[in-house]
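Novice: Here is how the chains run, residue by residue.
Number of protein chains: 2
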Amino acid sequence: MTQNIYDQPAFFEGYSRLPRSVEGLAAAPEWPALKALLPDLAGCKVLDLGCGFGWFCRAARAMGAAEVHGVDVSENMLARARDVTTDEAISYAREDLEQITLPPAAFDLVYSSLTLHYLEKLERLMAEVSRSLVPGGRLVFSAEHPIYTAPSAPGWTVDAAGRKVWPVDGYLAEGPRTTDWLARGVIKQHRTIGTYLNLLIGLGFTVTHVEEWGPTAGQIAAQPALAVERERPAFLLVAAQKGAG
Amino acid sequence: MTQNIYDQPAFFEGYSRLPRSVEGLAAAPEWPALKALLPDLAGCKVLDLGCGFGWFCRAARAMGAAEVHGVDVSENMLARARDVTTDEAISYAREDLEQITLPPAAFDLVYSSLTLHYLEKLERLMAEVSRSLVPGGRLVFSAEHPIYTAPSAPGWTVDAAGRKVWPVDGYLAEGPRTTDWLARGVIKQHRTIGTYLNLLIGLGFTVTHVEEWGPTAGQIAAQPALAVERERPAFLLVAAQKGAG
Chain A
486 MTQNIYDQPA
496 FFEGYSRLPR
506 SVEGLAAAPE
516 WPALKALLPD
526 LAGCKVLDLG
536 CGFGWFCRAA
546 RAMGAAEVHG
556 VDVSENMLAR
566 ARDVTTDEAI
576 SYAREDLEQI
586 TLPPAAFDLV
596 YSSLTLHYLE
606 KLERLMAEVS
616 RSLVPGGRLV
626 FSAEHPIYTA
636 PSAPGWTVDA
646 AGRKVWPVDG
656 YLAEGPRTTD
666 WLARGVIKQH
676 RTIGTYLNLL
686 IGLGFTVTHV
696 EEWGPTAGQI
706 AAQPALAVER
716 ERPAFLLVAA
726 QKGAG
Chain B
486 MTQNIYDQPA
496 FFEGYSRLPR
506 SVEGLAAAPE
516 WPALKALLPD
526 LAGCKVLDLG
536 CGFGWFCRAA
546 RAMGAAEVHG
556 VDVSENMLAR
566 ARDVTTDEAI
576 SYAREDLEQI
586 TLPPAAFDLV
596 YSSLTLHYLE
606 KLERLMAEVS
616 RSLVPGGRLV
626 FSAEHPIYTA
636 PSAPGWTVDA
646 AGRKVWPVDG
656 YLAEGPRTTD
666 WLARGVIKQH
676 RTIGTYLNLL
686 IGLGFTVTHV
696 EEWGPTAGQI
706 AAQPALAVER
716 ERPAFLLVAA
726 QKGAG
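Chains as they are written, first to last, in the numbering used here: chain A, 486 to 730; chain B, 486 to 730.
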């Protein structure tokens with residue numbers, strides 16, 4: 486089973502205080518770009534892989550989705566999601582995404598935000614996702630960008646000339662990376678953009694958009710600390726469509 | 486017009502001495518991976534954008550292509566290509582790839598090796614490429630990887646802990662980068678993977694493979710200096726198919 490870092494008290498406490506945990510999607514600067522990749526949700530059945538506190542599940546309903554199912558491995562997060570959800574068209578379930586079995590041809594959209602880079606067995610999950618989508622159904626996800634996950638020492642450093650740079654090494658060495666983020670020993674899985682895309686292509690998806698996300702000029706004006714995110718992307722956004730065949 | 490660095494004497498002299506210039510495709514470590522992306526060339530009409538000395542044009546004929554047309558901006562390179570080509574099914578022409586007009590539905594494969602990152606007006610060229618392919622035709626290209634082209638100081642550096650790292654900055658700032666490679670002031674155009682792929686998708690291509698190239702274990706065993714290429718990819722390889730519509 487995937488490391489369930491979100492149920493470790495220190496991590497959960499830290500995560501719960503992040504702006505995107507307190508304020509939801511409005512505090513996630515990549516959300517407008519991710520939202521732009523969504524199909525029209527009116528009447529859709531939606532699955533959210535790694536739903537956390539359920540912010541996207543509730544937003545999807547507000548955008549017209551008929552039913553939304555959120556799954557997550559974290560009991561803590563699901564408990565809070567249920568606490569703040571009264572909509573009966575939204576359901577939540579605790580699932581290990583590396584073991585999950587999905588119903589066939591059940592969803593019009595499978596969505597996942599900043600979850601897939603925690604999973605070792607992504608091939609298995611993506612095959613389930615492909616099976617669970619209706620023909621022509623959509624997959625939209627974000628994950629940590631491989632430039633962000635690759636380094637053995639992931640943090641800004643200063644070169645000999647005084648430039649602030651992001652120190653890439655190990656880019657083609659896919660596999661686990663242990664970092665300290667909110668808690669010690671958080672394990673992420675580094676994989677290249679090519680690996681993500683070729684996995685989808687091999688499952689019969691058509692890739693429809695690939696975005697190495699960075700903040701807009703307007704976002705930087707409102708929040709100058711975001712500027713550094715244009716120096717090296719932290720997030721990869723992908724949209725794909727399941728073949729109609 | 487694109488900077489024609491290949492016709493500057495100092496650059497051309499240096500370039501002519503590179504292993505891939507002297508020995509051809511066998512000395513290009515990414516060639517086996519690029520070759521694996523090619524369709525069956527038997528009977529195909531092929532266009533090579535940035536054909537240089539014509540190594541690929543001749544290889545394509547050896548792989549069964551019916552006709553191969555190579556274009557390049559460099560008079561020096563075309564002169565040498567013509568000198569060593571006796572095959573009448575191979576033709577060469579001098580063209581500025583930013584101004585070129587291609588015949589409609591004329592080619593089964595458009596190929597380009599390490600050329601597109603020199604071009605400012607890639608959108609225009611790719612629209613021509615799309616038009617010039619038959620329905621279902623293929624585009625296979627390599628370009629310098631954006632991790633390689635992004636940095637303001639593109640060279641290995643050592644961080645405070647003594648790690649050899651590749652110093653990424655400016656990744657999302659697309660546009661020209663001036664470097665010293667074989668000659669001073671070589672201008673390349675940095676663009677992200679997302680930009681390359683979304684351009685193709687927008688023109689009706691289906692992306693069929695994306696590879697952030699690195700040497701195999703066998704290649705590193707034979708040539709240990711290649712090992713560093715697994716730390717940060719220098720080449721991006723892409724295959725796409727023109728919609729059959």
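Be a bit skeptical, because a hint or two may be false.
What the simulated footprint calls covered on chain B by chain A, stretch by stretch (three residues with Cβ under 8 angstroms from a Cβ of chain A suffice, anywhere in the stretch; the number is not a length) [claimed, not checked]:
1) 545–556
2) 614–623
Sample of chain A residues with no beta-carbon within 10 angstroms of chain B, all distances over it, derived [said to hold, decoys possible]:
3) Pro494
4) Pro524
5) Arg546
6) Glu560
7) Asp581
8) Pro636
9) Arg662
10) Thr663
11) Trp666
12) Ile678
13) His694
14) Glu696
15) Ala707
16) Glu714
17) Arg715
18) Glu716
If you are wondering where the hints come from, they were derived from the structure by calculation, not from laboratory data. Bear in mind the structure is a predicted one, so any value in this text is a computation, not a measurement. Ideal placement from N, C-alpha and C gives every residue a C-beta, glycine not left out.
Novice: Hey, does Glu714 (chain A) actually stay past 10 angstroms from chain B on C-beta?
Specialist: Violated: least Cβ distance 8 angstroms, not greater than 10 angstroms.
Novice: Hey, is His694 (chain A) genuinely clear of chain B, shortest beta carbon separation above 10 angstroms?
Specialist: Incorrect as stated: the minimum Cβ-Cβ distance to chain B is 6 angstroms, not above 10 angstroms.
Novice: Glu560 (chain A) clear of chain B by more than 10 angstroms, beta carbon to beta carbon?
Specialist: Glu560 (chain A) clear of chain B: closest Cβ-Cβ about 36 angstroms, beyond 10 angstroms.
Novice: Take the region 545–556 of chain B, compare each residue's beta carbon with every beta carbon of chain A, and decide whether three or more fall closer than 8 angstroms.
Specialist: Violated: only 0 residues of the region 545–556 of chain B have a Cβ under 8 angstroms from chain A.
Novice: Using Cβ atoms and 10 angstroms as the threshold, tell me whether Trp666 (chain A) really stays out of contact range of chain B.
Specialist: Consistent with the label, Trp666 (chain A) stays out of reach of chain B, its closest Cβ about 19 angstroms off (over 10 angstroms).
Novice: Would the non-interface assignment of Arg546 (chain A) survive a Cβ cutoff of 10 angstroms against chain B?
Specialist: holds (29 angstroms)
Novice: Test the statement that Pro636 (chain A) is away from the interface with chain B: the closest C-beta pair must be farther apart than 10 angstroms.
Specialist: violated (7 angstroms)
Novice: Do at least three Cβ atoms from the region 614–623 of chain B come closer than 8 angstroms to Cβ atoms of chain A?
Specialist: violated (count 0)
Novice: Looking at Ala707 (chain A) again, its CB stays over 10 angstroms from all of chain B?
Specialist: holds (18 angstroms)
Novice: Using Cβ atoms and 10 angstroms as the threshold, tell me whether Thr663 (chain A) really stays out of contact range of chain B.
Specialist: holds (16 angstroms)
Novice: Are all beta-carbon distances from Ile678 (chain A) to chain B longer than 10 angstroms?
Specialist: Contrary to the label, Ile678 (chain A) does not stay out of reach of chain B, its closest Cβ about 6 angstroms off (not over 10 angstroms).
Novice: Asp581 (chain A): least C-beta distance to chain B exceeds 10 angstroms?
Specialist: Holds, because the least Cβ-Cβ distance between Asp581 (chain A) and chain B comes to about 29 angstroms, which exceeds 10 angstroms.
Hints 1, 2, 8, 12, 13, 14, 16, 17, 18, counting from the list given before, are not met by this structure.
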